[in-house]
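Just so you know, the protein sequences line up as chains A and B, in that order. Heads up: the first sequence begins at 1 in our numbering, then just goes up one per residue. Heads up: the second sequence begins at 1001 in our numbering, then just goes up one per residue.
Hints were generated in silico from the structure; no laboratory data involved. Incorrect hints may appear among the rest.
[Stated by the list, open to error] Sample of chain A residues lacking proximity to chain B, with all beta carbon distances greater than 10 Å (derived):
#	residue
1	R55
2	E57
3	H62
4	G73
5	V74
6	R90
7	I111
8	T114
9	V118
10	H152
11	F155
12	T169
13	R179
14	N180
[What the hints assert, rightly or not] Pairs of lysine-lysine, DSS-like flavour, derived with a Cα cap of 30 Å:
#	chain 1	residue 1	chain 2	residue 2
15	B	K1159	A	K239
16	A	K115	A	K159
17	A	K240	B	K1159
18	A	K240	B	K1240
19	A	K159	B	K1159
20	B	K1239	A	K240
21	B	K1115	B	K1159
22	A	K159	B	K1239
Model, not experiment: these values are computed from the prediction. Quick reminder that beta carbons are idealized off the backbone N, C-alpha and C, glycines included.
There are 2 protein chains.
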Amino acid sequence: PAVVAGVGSAADDPADDAADDVLDDIAQMHLFRRGVSGEDDPGAAEEGVAPRPPRPELLQIHNSFILAETRDGVIIVDQHAAHERVLFERIVASFERGGAEGQRLLFPIAIRLTKPEVELIESILEPLAALGFEISPFGTDAILVQAVPSPHRYFDAEKCVREMLHELTHGSDLMNSARNQNERVAMSFACKAAIRAGHDLSNDEMQELFDQLFATELPYHDIHGRPTVVRLGLGELRKKFGRT
Amino acid sequence: PAVVAGVGSAADDPADDAADDVLDDIAQMHLFRRGVSGEDDPGAAEEGVAPRPPRPELLQIHNSFILAETRDGVIIVDQHAAHERVLFERIVASFERGGAEGQRLLFPIAIRLTKPEVELIESILEPLAALGFEISPFGTDAILVQAVPSPHRYFDAEKCVREMLHELTHGSDLMNSARNQNERVAMSFACKAAIRAGHDLSNDEMQELFDQLFATELPYHDIHGRPTVVRLGLGELRKKFGRT
């Protein structure tokens, strides 16, 4: 299956036509909610700033999918796929900028590694640092993690490092689709660090994920090429109810 | 198409197997929301009353459909179809009890009618009274409406009476499916008085509609035989996202 990896690499994806429609929907999303006039934020109008549109109501289902009304029906967002896309594009941008700041840990984490893992990690210390990891070798079979990125409140740094190292040393379809080591690290991190299915999100967190997803260059696919967004049109809905 | 009209008349409807599953879902719906332990209502436990389960979050889409998480995925409820079912069963029960109280109007409504409508209305004053309408002839070509039922806050009594009289004098598939004049009146009222698509419901109103719908005998079809509830299973959702 085609893997939508690099930013802009899938410009001719046929799914993008449908995707454009969804983007229209998102742009229009706010217009169809209650209290559209911008009265929520009267100060902004006075200052000559465009009033911020009210945000759509979101419903999280099974701590995995987020539903929202659009102009044309309902969209369903896969929270893990969406966050993977957000993280991947953030990492690519961060590589270009020269790296992101991590959070220093009060108590560094020591992680024991296999020999291939130790060899690998010495070769990717730079991209890991650009992600916000501060890692140093610790003897011959361990590392010390002293700072970590913080993509969301459920993030487990040790688990993420272990899963990334496993994927990078053992390979995967995702790793095969990357063009170079930096992209492998970026993809592996995006995949392992993204919020999972099963995590309860607050309304603000869901809103933020929506804002970030629809600000990416390729909002409609995760880095595995799977959809991040599925739509259910009003026509389809009406048909399900025998209203044709 | 088969019309699911009378209470209990569709016991052998093949859709009922799926419907039973949905009923299971509804019964279990609360178990999968946050804060399941009943801590919301600690007093109840002390008094030996079963704690009231927290209510599911509901999302209204296009002022027409209501979405909710269930044990097995998502259900989508058609608000008009659902309310039609609720009203129909309430009317049938009310006929058995001998009628419902209407709301007396401060200013009676005079409605001009055609000759067939006047003839008809004189023959259905009794079931109309049982619905909560207090109607008296007013000259030879009009009626005076002095009390009306109040099924919801958007209810337009005059429009409802006009539409019912039109359907009852001109006939319809729905009218053909009724077994007697009382059932025709009940069906026509349920259809015309139920909340429409396009009406914004508050969270409490949605919750009430859910409670009432799933307390009916035939919650899964409106009186036209159309579905009131459509489900989208987790498996189906995952498949849409390429997660198989």
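Consistency of the hints with the structure:
1. R55: 13 Å, holds
2. E57: About 6 Å separates A/E57 from the closest Cβ of chain B, which leaves it inside 10 Å; violated.
3. H62: Nearest chain B Cβ is 6 Å from A/H62, so the label is violated.
4. G73: For A/G73, whose nearest Cβ neighbour in chain B is about 7 Å away, the distance does not exceed 10 Å, so it is violated.
5. V74: Incorrect as stated: the minimum Cβ-Cβ distance to chain B is 5 Å, not above 10 Å.
6. R90: Nearest chain B Cβ is 22 Å from A/R90, so the label holds.
7. I111: Check passes; 30 Å lies beyond 10 Å.
8. T114: Its Cβ never comes within 10 Å of chain B, the nearest being 30 Å, so this holds.
9. V118: 34 Å, holds
10. H152: Answer for A/H152: holds, closest chain B Cβ roughly 18 Å.
11. F155: Answer for A/F155: holds, closest chain B Cβ roughly 21 Å.
12. T169: 25 Å, holds
13. R179: It holds; A/R179 is separated from chain B by about 23 Å at its closest Cβ, greater than 10 Å.
14. N180: 26 Å, holds
15. B/K1159 with A/K239: 28 Å, holds
16. A/K115 with A/K159: Roughly 18 Å separates the two Cα atoms, so the pair holds.
17. A/K240 with B/K1159: 29 Å, holds
18. A/K240 with B/K1240: 17 Å, holds
19. A/K159 with B/K1159: Answer violated: A/K159 to B/K1159 is near 64 Å, above 30 Å.
20. B/K1239 with A/K240: Roughly 18 Å separates the two Cα atoms, so the pair holds.
21. B/K1115 with B/K1159: 18 Å, holds
22. A/K159 with B/K1239: Satisfied, since the Cα-Cα distance of roughly 28 Å is no more than 30 Å.
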